[in-house]
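> So you can see what is in the structure, the chains are spelled out below.
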Amino acid sequence: MSPRGLVELVVNGEHHGVAIEQQRTLLEVLREDLDLTGTKHGCELGECGACTVLVDGEPHLSCLTLAVEAEGHEITTVEGLASADGLHPLQDAFADLSAAQCGYCSPGMLLTAKALLDSNPSPTLAETKQALSGNLCRCTGYAKILEAIALAATRMASLR
Amino acid sequence: MTVVEEPRADDAPVEAEELSVVGKPLRKIDAEAKVTGRLRYADDLSLPRMLVGKLLRSTRPHAVIRRLDVSRALALPGVHAVLTGKSLPIPYGILPVSQDEHALALEKVRYVGEPVAAVAAIDEETAERAVGLIEVEYEDLPSAMSIPEALRPDTPRIHGEGDGPNVDRVAALEFGDVEAGFLEADHVREDVFFFGGNAHMPLEQHSALASWEAGKLTIQSSTQVPHYLHRTLARVLELPASRIRVIATPVGGGFGGKSDPFSHELVAAKLAIVTNRPVKFTLTREEVFYAHRGRHPVLMEVKSGFTTDGRITALSFRNMLDGGGFGSFGAATTYYTGALQGTTYRLPAYRFEAVRLHTNKPPCGPKRGHGTPQPRFALECHLDKVAEELGIDPVELRLRNAIEPFSKTVNHLRITSCGLVECIERVVEASGFHDKHGRLPHGRGVGFAVSAYLSGAGLPIYFNDMSQSEVQIKVDRGGGVTVYSMAADIGQGSSSVLAYIVAEVLGIVPEDIAVVTADTDLTPIDLGSYSSRVTFMAGNAALDAARQMRDLVVGAAAEKLEVDVAQLTTAGRRVFDRDDPERCLEWEQAVHAASALRAPLVTAGTYRAPDLAGPFKGSGVGPSPAYSFTAAVVELDCDVETGAVTVDQVWVAHDVGRAINPLLAVGQTEGSVYMALGEALMEELTFRDGLLESTSLFDYKSPTVLEMPEVHTYLIETIDPEGPFGAKEAGQGPLLPVIPAVANALHDAVGVRIDEVPITPDKVLKALDLAARGKPGRVGPKALPAFDFPPLIHVEPPEEALR
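Keeping their order, the protein sequence lines are chains A and B.
Quick note on numbering: our numbering labels position 29 of the first sequence as 29, and the sequence is numbered without any gaps.
Quick note on numbering: our numbering labels position 496 of the second sequence as 496, and the sequence is numbered without any gaps.
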């Protein structure tokens with residue numbers, strides 16, 4: 001058995017101490033130790049983007065990230081997008097336009113889109129496509145996802 | 001980006017009634033659960049004391065198992081049980097005619113990846129180590145990895161005794177006199193096409209969690225068909241079905257790939273019983289490719305006769321299907337490769353012969369369009385060639401032969417509402433097809449094609465005279481409504497569609513409704529989410545149940561208000577006099593009135609498709625209570641230096657009957673276009689030395705957002721007389737015309753024909769090179785291998801088709 005070590009993770013602003021083996025991925029620890037099953041897996045090889053989480057605001061593939069690497073960084077999962085005030089504008093837009101069909105890629109899509117809009121509040125279509133190019137969706141043909149991100153960007157701009 | 005046009009005035013529903021829920025772009029009832037990550041898919045579930053299961057899979061394409069020793073695996077600390085084929089000896093299969101699978105291989109293996117043994121252990125790492133400790137000795141047999149290899153007389157039989165060929169199914173039907181039709185024709189043309197096999201690639205890997213408590217098995221699985229899984233578990237485990245509860249969890253993408261009972265489901269159940277602990281199996285991405293049931297590779301020979309003015313006199317198809325190692329849905333697929341050609345065109349005579357072969361590859365099954373995208377690709381490319389030879393515009397050729405509403409096809413399929421011509425006109429006009437076809441610069445082209453698809457298979461998978469969908473409705477005293485249905489929501493929004501229908505009838509809003517689905521303990525029968533059947537069939541059952549509930553509540557309100565019941569209507573959570581809206585009861589008050597008079601407030605609705613099967617063997621595949629119709633135009637660019645094809649725009653018009661929710665119908669259409677483009681241009685399962693090469697999402701190429709063109713979607717509403725509120729399907733049909741439209745557009749762009757899917761750059765370059773050397777610029781199969789098809793069964797076309 002690999003030696004276990006105590007790792008302190010900050011996930012959605014909450015501190016969690018978990019005793020884990022060093023080789024465990026952030027994906028496994030989020031899902032299996034913290035029961036944050038909103039983060040999905042589709043390949044465990046970094047090919048599909050379903051496991052995307054934000055690490056210090058940047059999209060990372062949690063299946064290719066060791067949990068120990070994430071120590072000392074701010075991790076955001078889909079569970080951290082909404083607040084007590086309600087859904088994040090991206091979540092609202094995805095729900096309004098039915099950009100989540102089966103919904104399995106949605107957590108990764110939402111977090112990738114959040115990172116995009118946080119750094120570029122009014123991206124062009126080409127910029128949005130470039131940002132999403134590592135996230136596969138098998139249901140929507142991406143159309144409603146692109147529309148939802150554009151809608152969220154517009155709504156967020158009007159709030160500012 | 002997508003352009004969705006509002007329906008024009010001439011598309012206006014024929015019914016004048018005002019609808020307040022149906023037809024509106026509402027949120028899905030599970031939208032918030034999906035965007036917050038709260039929705040629990042199968043692998044998100046866990047139970048106390050849960051064990052993790054892993055499968056040992058065959059490393060040989062075709063071999064006899066000489067020795068299988070699990071003792072070292074069993075001895076590993078943390079391992080609780082190991083199963084082999086002998087643990088589950090009863091065969092099964094989704095179709096009653098194909099009971100050829102075992103949960104774990106017995107005696108021999110038929111493809112690389114076939115499950116051979118299973119382990120339940122304390123955690124994933126231990127289970128994987130245990131799988132590695134299982135010893136297997138194989139005696140290799142020669143394998144068949146393609147249609148020609150399966151047919152070689154010296155290839156051993158993959159199933160049964162004796163030497164090849166490895167024939168699983170045959171079909172041979174003739175409607176009318178095809179040879180006479182060819183003789184009568186001014187122009188006869190023959191073409192050969194090949195459609196490569198591809199995979200569903202759902203983003204969610206299959207997963208199942210089984211538990212055993214007090215003599216009852218519960219399995220929660222990402223399945224499209226809880227009812228068929230229920231039946232299979234009872235058969236294989238030899239348990240009464242009443243001791244088994246199947247819950248279909250929200251499915252993270254199905255597309256037909258979760259419609260078979262799978263090894264891991266049966267094995268999880270058996271291991272839960274054996275260990276008396278919950279057991280979960282989640283397939284890896286590589287294993288999803290082995291579980292497969294994807295698109296059959298099909299080799300097709302098409303022949304048609306036409307008059308000089310472009311009227312078809314006869315059509316024939318000869319199809320060879322590469323079925324992989326097991327039957328799966330293949331007997332149905334075989335017939336589907338011939339069933340729907342006549343749903344778009346009036347055929348005076350039609351012949352269809354097919355053979356499905358066993359090969360040493362993962363089993364093929366139903367993928368979006370089930371057996372019909374392959375012949376549709378062949379037919380629509382063939383018609384483009386015919387049009388060119390006859391000097392007739394390709395759109396005009398289709399219009400001259402288009403099937404009419406409320407007619408019958410040559411093979412006895414009943415057509416009801418039909419917006420084929422409207423679909424054609426809409427995409428041709430919107431795309432400017434006639435300004436572009438043959439007129440764009442070299443390298444750029446447009447292509448056109450049409451199609452039709454089922455709104456639910458008319459017959460259940462196993463013959464019975466029971467209903468195909470039932471829905472129960474219960475109203476509680478707070479006015480809340482619960483709808484119960486076994487239909488599995490696989491992302492298409494079927495649960496929401498049921499809520500919209502019930503809300504519309506009762507005059508309430510979807511937020512008043514809870515939908516309980518896909519649980520064999522709690523919900524009444526629905527056969528499953530396949531063949532585009534749920535909106536039509538479960539929707540009709542929901543409509544039936546809702547109308548009964550409305551009658552109960554409105555009847556009580558009429559007594560309370562002392563008005564004639566015919567005066568009352570429901571809307572906006574009120575029951576009111578249509579001529580005097582102030583005379584009303586709030587929904588909750590009306591519910592109380594009904595409860596006082598007629599408690600309990602429970603109704604049940606049902607649906608069974610009318611008997612539409614024709615008078616011949618094999619007529620069970622193809623009938624549907626209604627057909628959707630689609631037309632598509634594709635505009636693309638071909639780089640003649642690299643052979644790369646870039647699709648720039650797609651226009652697609654789909655006759656959906658009525659869009660219960662246009663957002664969902666458009667979403668299904670866009671998703672179908674996407675999946676079609678993947679199949680047309682890149683998706684393919686490739687094998688080398690018996691091994692599947694494409695077992696990851698890097699190797700199995702699918703379109704990313706960067707490859708997706710602009711899609712212009714037009715919903716055509718024809719208000720089907722039997723569909724719920726006139727609705728028909730939208731989930732599968734729109735995929736069909738896009739693939740041949742790509743091939744036809746490529747021909748328009750650079751003058752070459754790729755008669756083989758996927759149309760990859762190497763094939764394009766090869767065809768361009770051939771054309772440059774003065775040879776026919778074509779890549780594709782030349783002929784079908786020799787095979788003696790059985791004698792034709794001759795069937796008289798229905799009188800309606802001959803008019």
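Keep in mind the hints are simulated off the structure, nothing from the lab.
Keep in mind that a hint or two might mislead.
[What the hints assert, rightly or not] A short, non-exhaustive set of chain B residues, derived as facing chain A with CB atoms under 8 Å: (1) K24; (2) R27; (3) T36; (4) D44; (5) P48; (6) M50; (7) V52; (8) E204; (9) Q205; (10) G253; (11) Y462; (12) S694; (13) F698; (14) V705.
Don't be surprised by glycine CBs; every beta carbon is placed ideally from N, CA and C.
> Now tell me if each hint is right for this structure.
Results for each hint:
1. K24: 12 Å, violated
2. R27: 5 Å, holds
3. T36: Hint holds; B:T36 Cβ to chain A Cβ min 6 Å, cut 8 Å.
4. D44: Interface hint status for B:D44: holds (4 Å vs cutoff 8 Å).
5. P48: 13 Å, violated
6. M50: Not OK, violated: B:M50 not within 8 Å of chain A, min 11 Å.
7. V52: It is violated, given that the least Cβ distance between B:V52 and chain A is near 11 Å, above 8 Å.
8. E204: Check passed: Cβ of B:E204 comes within 5 Å of chain A, closer than 8 Å.
9. Q205: 7 Å, holds
10. G253: Given a least distance of 5 Å, the restraint on B:G253 holds.
11. Y462: Where the cut-off is 8 Å and the nearest Cβ of chain A is about 28 Å from B:Y462, the hint is violated.
12. S694: Violated - the Cβ of B:S694 stays beyond 8 Å from chain A, reaching only about 12 Å at its closest.
13. F698: At about 5 Å, which falls below the 8 Å cut-off, the nearest Cβ of chain A leaves the hint on B:F698 intact, so it holds.
14. V705: 4 Å, holds
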